[in-house]
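Number of protein chains: 2
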Amino acid sequence: MTTEQAIFLVNGEQTDRISVTDRGLQFGDGVFETIRVHQGKPVWWQRHMDRLLEGCRRLHFTELPDTRFLQKEATDLASVCATGVLKIIITRGCSNSGYTAPADTPVNRILSLTPGMRHQSRAGQGIIMGICEQRLAHHDTLSGIKHLNRLEQVLARLQCQAEGWDEGIMLDDQGSVIEGSMSNLFIWREDHLLTPSLQKTGIKGLCREIIITLAEENGIAVEQTSLRFKDLANSRGMFVTNSLIGIWPVVNFNGQQLAVCANTRLLQVKLEESICSAG
Amino acid sequence: MTTEQAIFLVNGEQTDRISVTDRGLQFGDGVFETIRVHQGKPVWWQRHMDRLLEGCRRLHFTELPDTRFLQKEATDLASVCATGVLKIIITRGCSNSGYTAPADTPVNRILSLTPGMRHQSRAGQGIIMGICEQRLAHHDTLSGIKHLNRLEQVLARLQCQAEGWDEGIMLDDQGSVIEGSMSNLFIWREDHLLTPSLQKTGIKGLCREIIITLAEENGIAVEQTSLRFKDLANSRGMFVTNSLIGIWPVVNFNGQQLAVCANTRLLQVKLEESICSAG
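So the sequences go chain by chain: A and B. Just so we're aligned, residue 1 is where the first sequence starts under this note's numbering, counting upward by one. Just so we're aligned, residue 1 is where the second sequence starts under this note's numbering, counting upward by one.
It is worth saying that the hints were derived from the structure and are not from the lab. What you are looking at is a predicted structure, and each value in this text was computed from that prediction instead of being measured. Among the clues, some could well be false.
[Stated by the list, open to error] Here are the simulated lysine to any residue pairs, SDA-like style, with alpha carbons at most 20 Å apart:
{"id": "1", "chain 1": "B", "residue 1": "K146", "chain 2": "A", "residue 2": "S97"}
{"id": "2", "chain 1": "A", "residue 1": "K200", "chain 2": "B", "residue 2": "D172"}
{"id": "3", "chain 1": "B", "residue 1": "K72", "chain 2": "B", "residue 2": "D50"}
{"id": "4", "chain 1": "B", "residue 1": "K200", "chain 2": "A", "residue 2": "E133"}
{"id": "5", "chain 1": "A", "residue 1": "K146", "chain 2": "B", "residue 2": "S97"}
{"id": "6", "chain 1": "A", "residue 1": "K200", "chain 2": "B", "residue 2": "D173"}
{"id": "7", "chain 1": "A", "residue 1": "K200", "chain 2": "B", "residue 2": "Q174"}
{"id": "8", "chain 1": "A", "residue 1": "K230", "chain 2": "A", "residue 2": "G130"}
{"id": "9", "chain 1": "B", "residue 1": "K200", "chain 2": "A", "residue 2": "D173"}
{"id": "10", "chain 1": "A", "residue 1": "K200", "chain 2": "B", "residue 2": "D140"}
{"id": "11", "chain 1": "B", "residue 1": "K200", "chain 2": "A", "residue 2": "H138"}
{"id": "12", "chain 1": "A", "residue 1": "K146", "chain 2": "B", "residue 2": "T100"}
{"id": "13", "chain 1": "B", "residue 1": "K146", "chain 2": "A", "residue 2": "T100"}
{"id": "14", "chain 1": "B", "residue 1": "K72", "chain 2": "B", "residue 2": "N11"}
{"id": "15", "chain 1": "B", "residue 1": "K200", "chain 2": "A", "residue 2": "Q174"}
{"id": "16", "chain 1": "B", "residue 1": "K200", "chain 2": "A", "residue 2": "D172"}
{"id": "17", "chain 1": "A", "residue 1": "K146", "chain 2": "B", "residue 2": "S95"}
{"id": "18", "chain 1": "B", "residue 1": "K146", "chain 2": "A", "residue 2": "S95"}
{"id": "19", "chain 1": "B", "residue 1": "K146", "chain 2": "A", "residue 2": "A137"}
{"id": "20", "chain 1": "A", "residue 1": "K200", "chain 2": "B", "residue 2": "L142"}
{"id": "21", "chain 1": "A", "residue 1": "K41", "chain 2": "A", "residue 2": "M117"}
{"id": "22", "chain 1": "B", "residue 1": "K200", "chain 2": "A", "residue 2": "A137"}
{"id": "23", "chain 1": "A", "residue 1": "K146", "chain 2": "B", "residue 2": "T21"}
{"id": "24", "chain 1": "A", "residue 1": "K200", "chain 2": "B", "residue 2": "H138"}
{"id": "25", "chain 1": "A", "residue 1": "K146", "chain 2": "A", "residue 2": "K230"}
{"id": "26", "chain 1": "A", "residue 1": "K200", "chain 2": "B", "residue 2": "E133"}
{"id": "27", "chain 1": "B", "residue 1": "K200", "chain 2": "A", "residue 2": "S97"}
{"id": "28", "chain 1": "A", "residue 1": "K146", "chain 2": "B", "residue 2": "A137"}
{"id": "29", "chain 1": "B", "residue 1": "K200", "chain 2": "A", "residue 2": "D140"}
{"id": "30", "chain 1": "A", "residue 1": "K200", "chain 2": "B", "residue 2": "T100"}
[Claimed, not checked] One-sided and incomplete, this derived list gives chain B residues near chain A with beta-carbon spacing under 10 Å:
{"id": "31", "residue": "Q71"}
{"id": "32", "residue": "K72"}
{"id": "33", "residue": "H147"}
{"id": "34", "residue": "D173"}
Think of the CB as a built atom: it goes at the ideal place given N, C-alpha and C, for glycine as much as any other residue.
Chain A with its partners taken away, still in its complex shape (with noise of 0.2 Å):
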């Protein structure tokens, strides 16, 4: 996927040019959302829009994004194509002056369009997964949200190419499981699943939400608890979701090969359902 094929759209002007004094770049004070498109529709947008206000209240923007505003352009934009990756990101505007940041300042939108899925799926094969050296540190402030701080991931990824892994799992601090490093993990203990609980660290994927709904609908119990390595390696089976990607399993964790539940099967097909009824 190259970035020649995607259409940028800057405060409303179709140009992927902004000024350097952005704050996103200067010190990454923004939120982002990566948003799947079916069938030229951006799907799950209420909830990816609540969580970026979310994000911008909790990063204290003084100004929030107009979400009616930002909906007509995401659905001009998306309309384009028939599956694509709509981003959007929302920083707190430009300054030229430190980490102060000024009031009156208006909040920067940058959306991108890009035709196509960013990854090759692996939804039926499943992929191979490690666990990175990267750490995830604790934020009180910052934990479940969006934001454009991501060196921590930008480096787990490093090691996922470097060793040929589709995915690596990453602790935090202390050692527990929290994500991986572009999703979300479940495991299957006996016929229910276990996925962390993310107080402290880690962003709460929309996709991980659905499938916890999903699940609980089909009659298995989700919890979301703290988990260990030893809870991994001793799992009958796990997957990982974001939404871009769904639900793929895990066919190889650690070294070790595993077997794809048959409830993982059936909560592809409802997340599936889920999506082509969603818009």
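Following the hints, complete the assembly by docking chain B onto the known chain A.
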């Protein structure tokens, strides 16, 4: 200080525009230096370059910036003003494919020169300082370097603004004193100086290093150690430092008045001498 006054250079071109696919904007995937310009020259150039390159290596950039080239651009830019702030940002380049960094993308280099000084000097009258609620997370891989993931500092500065403080002290998760939101901290205990050791988080300021050297050259012992709030409350004086502001004495900490020690004034004089002889 307004953006209009600044001059920008992006990959050698005089423009303030950059692609929104720059990974600095997307993920904070880069490093920066903020350099004092004195008599038309960047001060402590080699030390800034050493830290910049160390940051690029720690982030595993496949390409390092050419510092001879950077020096030519920086020197040309700086020559237009007697006093100013030169900021250099180096990012991992552009990509449009998520956290995964393409191996062959050239880094982006962004220089800005803002005439005048960013902050009104408080070197004489001293500053009001409080304790920020925002904590600094521990980072084995990121501590010490001046990377672009700066939300902790941005949030801390918001509190400084709201409280009317010139600076705010930041603690780590365990309550250890680390640094100011935009500066390093020194406190006087009897006739020697203490400063946090910055093993697990914080930015190793160049000015901090220079002051350690200047203090020792002038018979003042400096201990890099672990500090707690009570050490600050019991201190007989303190000051903060960075490359732009030099040394600002603290005259009010957490509501308590503090005297300015004679040796703080001595170090201010020695530092200014050092700046005048640097270049």
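How the hints compare with the structure:
1. K146/B x S97/A: Within the cut-off at roughly 17 Å; holds.
2. K200/A x D172/B: holds, 15 Å
3. K72/B x D50/B: holds, 16 Å
4. K200/B x E133/A: holds, 16 Å
5. K146/A x S97/B: The given pair, whose Cα atoms are some 17 Å apart, holds under the 20 Å limit.
6. K200/A x D173/B: holds, 12 Å
7. K200/A x Q174/B: holds, 14 Å
8. K230/A x G130/A: holds, 14 Å
9. K200/B x D173/A: This hinted pair holds, its Cα atoms lying about 12 Å apart.
10. K200/A x D140/B: holds, 18 Å
11. K200/B x H138/A: holds, 13 Å
12. K146/A x T100/B: holds, 17 Å
13. K146/B x T100/A: holds, 17 Å
14. K72/B x N11/B: With a Cα-Cα distance of about 13 Å, the restraint between K72/B and N11/B holds, given a limit of 20 Å.
15. K200/B x Q174/A: holds, 14 Å
16. K200/B x D172/A: holds, 15 Å
17. K146/A x S95/B: With a Cα-Cα distance of about 19 Å, the restraint between K146/A and S95/B holds, given a limit of 20 Å.
18. K146/B x S95/A: holds, 19 Å
19. K146/B x A137/A: holds, 17 Å
20. K200/A x L142/B: This hinted pair holds, its Cα atoms lying about 19 Å apart.
21. K41/A x M117/A: holds, 14 Å
22. K200/B x A137/A: holds, 11 Å
23. K146/A x T21/B: holds, 17 Å
24. K200/A x H138/B: holds, 13 Å
25. K146/A x K230/A: Violated, because 28 Å separates the two Cα atoms, which is more than 20 Å.
26. K200/A x E133/B: holds, 16 Å
27. K200/B x S97/A: violated, 27 Å
28. K146/A x A137/B: holds, 17 Å
29. K200/B x D140/A: holds, 18 Å
30. K200/A x T100/B: Violated. K200/A to T100/B sits at ~25 Å, over the 20 Å cutoff.
31. Q71: Where the cut-off is 10 Å and the nearest Cβ of chain A is about 20 Å from Q71/B, the hint is violated.
32. K72: With a closest approach of 20 Å, the K72/B hint is violated.
33. H147: Cβ of H147/B sits 6 Å from chain A, so the hint holds.
34. D173: holds, 6 Å
In summary, the numbered hints that this structure violates are 25, 27, 30, 31 and 32.
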